[in-house]
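Residue-level listing of the chains:
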Amino acid sequence: MWNKLILFLVFIQTSIPVVLKGQPCNLVIRGFISDESTGIPLEYATLFIQETKQGASADSLGYFVIKGICPGEYHIQISHLACETENLFIHLTQDTFLLLRLHHHAELLNEIAVHGSREDNSSQIINSLSKEDISKSSNKNLADLLEKIAGVSLIKNGSGISKPVIHGLYGNRISIVNNGLIQGGQQWGNDHAPEIDPFMADHLSVIKGVGALAYGGNGLGGIVLAESNPIPADPHLHGQANYIFQSNGRGHTLNTQFQRKQTWASWRLTGTLKLLGDHRTPDYYLTNTGKNEKNLGVQLEKKLSPRWSSRLYYSLFDTEIGILRGSHIGNVTDLEEAIGRSIPFFTRDEFSYPLESPRQDVLHHLLKLENKFFLHENEVFSFNYGSQLNRRQEFDVRRSGRSDVPALSLKQYSHFLEGVYNKSTAPGRLLKTGLQLTYVDNTNNPETGILPLIPDYQSYTASVFGILQQEKNKVQWEIGMRYDFKDIDAVTISKSLPRTIIRYHPVFHNLSGSIGGKFKFTPNIQLTTNLGYVLRSPEVNELFSSGLHQGVSGLEEGNPNLNQEKSIKAIVSLDASSHQKLFFQLVGYYHSIRDYIYLQPQPEFRLTIRGAFPVFSYLQTNAILAGTDFLCSYEFNKKFKWTSKFSFISGQDRSRQQPLVYMPGNQVQTDLTYSPGDRGHWSNPYFTVHGRYVFRQNRFETGQDFLSPPDGYSVFNLEGGTGIAIRHSILKLSIQLENVLNTVYRDYLNRLRYFADETGINANFRINYTF
Amino acid sequence: MFRSVLSIFFILLVIVLGCKKDDPIIPNEEEIITSLKYTLTPVGGGNTVLLSFKDLDGDGGNSPVIMSGKLSRNTTYLGSLELLNEQESPVGNITNEIEMENKDHQFFFTVSGGLSLTVSYDDTDGNGKPVGLKTRLTTTVASAGKLTITLRHLPDKSAPGVASGNIANAGGDTDIEVNFEVNVE
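Residue numbers (my numbering), protein chains in the order written: chain A, 497 to 1267; chain B, 8 to 192.
With the rest of the complex left out, here is chain B:
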């Protein structure tokens, strides 16, 4: 009896060790945001400035590529944000997803480190609250510092200051938080 039990065990062990785990199906990461492009067009003509952040392989892997820019003094720019999933082909357009759910999303533009410029909203969602895909950026004197663009999912747009662009009371979850070194010359 023991001999037969032992042989059953060994036969099973050999069978099982011969199996190989199948290759996994690589998930289609359609939700991922790989790239953010903030295009600034001066009102009344001039050079368009592009601030961009691109991380094709998502979290981990290679480091992201960040392009910063130089802005001119005393100028108003029309800002336009574009979000892409460049892992997909054709490239996935996340901007449309945000536009469709504009009540659930808001971008915030925060300056720090001595940078002197202001960003105001130039669009509204279905409730008349700002979204931030379209903005107006105004520079005054020469300065340099950091511009942080944050995208919050499900923020409380009615909380004090949020509609005017103050992130402090917004809450929600952060989907994007990127920093750009900006020079105003």
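Just chain A, with the same shape it has in the complex:
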């Protein structure tokens, strides 16, 4: 359920007393509780101080007061109908005012990219997921979670590998930002899933507009932010344990998180283990679609001086993913044969856990050190360093025992250095400037015995940006510019004999700018708009890839003469509500990309010893993408809530007067949730029915793909859960039934649609213990 909360608070002092030991117990906590996304007061929300057993209810305007409290440290439980009970720790020394925000309408969450810091309260159009939403489905891939957001779809390579598609764009055009660092190893390959454990993210957001200029990268189509919250100032050990069993794939996911503020530092430790076996469609097993994964996250925070705070974040992601055995093909004849089969070749009748080739083995380390210096009240300087190491090995079915030798073996490491200076130059005005250096080194391991598809390279990027934000009355403005200098040093190997080394050294100057505004016409109507211009320089795969692309049965040829893509995206979001019962959000966008880079099948086939292969070359054209995302939520009464989302997209190649390929089909999702309220020990029981219909992609011309897009499909899910209060901790139980009707379907953006159906019915049982 979405109306769970991430709660955050601001302390506002109401008086300035000197706190003395042994002060009489006459302190007062006052406060105001509202819904984060709508600002509506949450009447009758309850507060309970665990240590003193004192409690209070908010009045009809959302205000509450608790009197007669001694100075000390307290854990406060905050609950509201259909919101999850959450704990808050405070160190009470004086009369205090708490400003609490719960996510009662989390489905509407669209504003805050980074909690707690006003400077990031930008005019970007953002949709987010709450922690509870994330942790409930964390047996899935990171991208799978984002599919709940209107306008986001998935490009998949079977059930184990998925990447987000934002407003029709994916891959090189989407930046995934992991704790402030652009995730490495994501530049090429639609079968490279983001190496991020969803459990590590307290917050997942999608920025739909262009030019979230502080992050850079090539996020022309949008940005995904995965962030962890600051560690709360609670000196006691807290944490949670999660176990999820999924019936389809007989998967086990175990996760634990601990956190504590100690005098030497505040720390948080997260660990996850996943084991999954073969998934199953309604009719057969998907042989070799298991996974095993081990993840670790460490976060340390320390205030080194009143003006200097420091944060260290490290994560390790280690996964081994099986790829459907029947999707391994040698040539076009094999592909055509596979398309004609009702059950994929090599399908076994029994379930198994062990992985065989084809499979991927990926290891990703990420380290980030952040330092924040508070120079003056209105001036903050941050100095950040990040480093990533990505080791990727892909194993193929090969002759003479070579299946254990990777067919692709890449090592990519990167360093990132950033200095950001923020200054509030006048009340409501903030200037943010920064300098960034990025270095990437990518090396193929020759152990493969195969000429690499992506060459060895180094790339250097030096960037500078400036963003000015202004808030006055009911209007918020933002204007920003960014410049990137990018230098690529690529070393390729010739296709003809004798093999020689050919060096390329392209240099790009990318200039980007964005302007946006947010207008609050009335408390119920708000308009957000953003216009951005971005230059995206071609990535290494687009420039230099050369060879047979695994699995797609095509020879891919890079084009060293590609220019930058020039993109203009205009996006408008209208948020309105009526009588605090009906809420809606309408997003419209128009995206024009000049010199859009795409893969064009060439008229001639190339003859090899495995038969004739189609050749795909990277070419450029002019493209237009336009669409709308619509979200509507209606509260019939306190117990019933209905939410619907609709997204429509159309992509057109203007120069060649034909549709763009691999555009997601239009889709509609709807949910009905029943929350009867607390019953004895049961806290917040709920029940949800979810339905999704994906329309067939009819904008397609024969010859654009080996196979026409599959038919539209509908999938239904059921979910129910409850919390059980046990002393000071809470046990949460939930069951999600996915594809309840066991529908047989295929999705256009799943590459395995040539070979197999999507997975059938699945039940996820989740136990969460939070203390």
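Hint data in this document are derived by calculation from the structure and do not stem from the laboratory.
Fair warning: this is a prediction, and the values are worked out from it, not measured in the lab.
Cβ coordinates follow ideal geometry from the N, Cα and C atoms, glycine included.
Possibly wrong hints are sitting among the right ones.
Claimed, not checked - One-sided and incomplete, this derived list gives chain B residues near chain A with beta-carbon spacing under 10 Å:
no.: 1; residue: I33
no.: 2; residue: P34
no.: 3; residue: G65
no.: 4; residue: V98
no.: 5; residue: I101
no.: 6; residue: I183
no.: 7; residue: N186
What the hints assert, rightly or not - With a straight-line cut-off of 27 Å between C-alpha atoms, the simulated DSSO-like cross-links for lysine-lysine are:
no.: 8; chain 1: A; residue 1: K799; chain 2: A; residue 2: K757
no.: 9; chain 1: B; residue 1: K28; chain 2: A; residue 2: K982
no.: 10; chain 1: A; residue 1: K982; chain 2: B; residue 2: K27
With chain A's structure known, arrange chain B on it following the hints.
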């Protein structure tokens, strides 16, 4: 402070721009099959015919060189297949690799375009199923058309028709698929 930060950035930029990526080690493509030779020796004497396909630089690069041949009417030939990696020196013998894993491999010989000849297997793997490194090719009347030689890795040799040379139910992955224009005169 800002001046020092700026200078750190510029010094790093200059250092880093001065670096050059090392030359890669060119992988030893020992698995690649560059050449296929199908040698046909008439039973009872006559001219040996060689059908060959040679693509030294692998996928891409230069086009392969294909040698087709003329066969005689009403003749039975003993066929022998040889696979080589001629990129290596000395030349890599892939035939041995196939022989070692003969249970996992099978060649298929398909005729099309009006060609009239039959190919039967003359060898077996450890399970008594055909491999196709040794064959018997029989011609009848004069005809012309295409002979396709396919090598499948991990086919289902027990599927209907596969043991007698019908590729339709074989499955597996294709390692080789070459076409020869053949005349029977």
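Evaluation of the provided hints:
1. For I33 of chain B, the suggested interface contact is upheld, since its CB lies about 5 Å from the closest CB of chain A, less than 10 Å.
2. Interface hint at P34 of chain B: satisfied, since its Cβ lies 4 Å from the closest Cβ of chain A, which is below the 10 Å cut-off.
3. A hinted interface residue such as G65 of chain B counts as satisfied when its beta carbon comes closer than 10 Å to some beta carbon of chain A; here the least separation is about 7 Å, so the hint holds.
4. The restraint placing V98 of chain B at the interface with chain A is violated, with a minimum CB-CB distance near 14 Å, outside the 10 Å limit.
5. For I101 of chain B, the interface hint holds, the least distance from its beta-carbon to any beta-carbon of chain A being 8 Å, beneath 10 Å.
6. Of the supplied interface hints, the one on I183 of chain B holds, with its beta-carbon coming within about 5 Å of a beta-carbon of chain A, less than 10 Å.
7. The restraint placing N186 of chain B at the interface with chain A holds, with a minimum CB-CB distance near 8 Å, inside the 10 Å limit.
8. For a cut-off of 27 Å, the pair hint linking K799 of chain A to K757 of chain A stands: about 11 Å separates their Cα positions.
9. Distance check on the hinted pair: K28 of chain B and K982 of chain A sit about 15 Å apart at the alpha-carbon level, within 27 Å; holds.
10. For the given pair, K982 of chain A sits about 15 Å from K27 of chain B by alpha-carbon distance, which is consistent with the 27 Å threshold.
Of the numbered hints given earlier, the model fails hint 4 alone.
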